[in-house]
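My request is simple: use the sequences and hints to build the entire structure.
For the sequence shown, this note's numbering assigns the number 6 to the initial residue and increments by one for each residue that follows.
The set of hints was computed from the structure by calculation and includes no laboratory data.
Take every hint as true, because none was put in to throw you off.
Calculated pairs, DSS-like style, for lysine-lysine (alpha carbon to alpha carbon, straight line, at most 25 Å):
#1 67 x 11
#2 81 x 137
#3 66 x 11
#4 137 x 67
Simulated restraints on C-beta separations:
#5 71 x 154: 31 to 37 Å
#6 120 x 94: 16 to 22 Å
#7 87 x 152: 45 to 51 Å
#8 87 x 154: 42 to 48 Å
#9 115 x 27: 17 to 23 Å
We put the CB at the ideal spot given by N, CA and C, even for glycine.
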Amino acid sequence: MSDILKVEDGQVVAMDYTLRVDGEVVDTSEGHEPLEFLQGVGSIIPGLERELYGMAVGESKKVVVAAVDAYGEFDKEALVEVPKGEFPAQVPLQLGIGLEVQAQNGETLHGRISNIGDETVELDFNHPLAGKELHFDVTIAALREASDEELLHGHVHGDGHEH
Numbered sequence: 006m007s008d009i010l011k012v013e014d015g016q017v018v019a020m021d022y023t024l025r026v027d028g029e030v031v032d033t034s035e036g037h038e039p040l041e042f043l044q045g046v047g048s049i050i051p052g053l054e055r056e057l058y059g060m061a062v063g064e065s066k067k068v069v070v071a072a073v074d075a076y077g078e079f080d081k082e083a084l085v086e087v088p089k090g091e092f093p094a095q096v097p098l099q100l101g102i103g104l105e106v107q108a109q110n111g112e113t114l115h116g117r118i119s120n121i122g123d124e125t126v127e128l129d130f131n132h133p134l135a136g137k138e139l140h141f142d143v144t145i146a147a148l149r150e151a152s153d154e155e156l157l158h159g160h161v162h163g164d165g166h167e168h
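Following this line, the structure appears as structure tokens:
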């Protein structure tokens with residue numbers, strides 16, 4: 006039996022990564038601390054988490070994650086037309102502007118302006134990466150067993166920070 010730690014549920018994983026979508030870098034840990042998360046609790050997208058099992062410290066991998074295993078398929082039902090007259094005056098009418106909307110059930114929805122027509126403004130409540138295939142370059146920077154408290158809370162506790 007080997008003493009080499011490999012990624013498994015209940016471990017804190019520190020991972021360096023670069024995420025590309027349509028050939029463009031959209032997120033990276035380069036120049037920053039590695040991303041730390043608790044493996045097996047859904048802290049990261051399912052398609053990436055699944056591909057990390059069995060990797061050791063220093064190991065690198067290219068991972069392609071389909072939209073369904075990332076932020077979901079693009080949902081046309083998440084597009085909402087709002088009459089311009091009902092649009093809040095304090096929000097600039099510009100494509101891509103993000104806004105938060107309070108749903109009737111009290112949930113806060115995050116959207117962005119996706120189209121501006123003559124009479125209406127279209128809001129898109131899909132995740133910005135919905136419908137996209139994600140290309141990750143990942144390297145496992147460190148692994149450790151999670152503390153009992155981290156396992157109980159379901160997330161990593163940083164240096165001296167309580168969550």
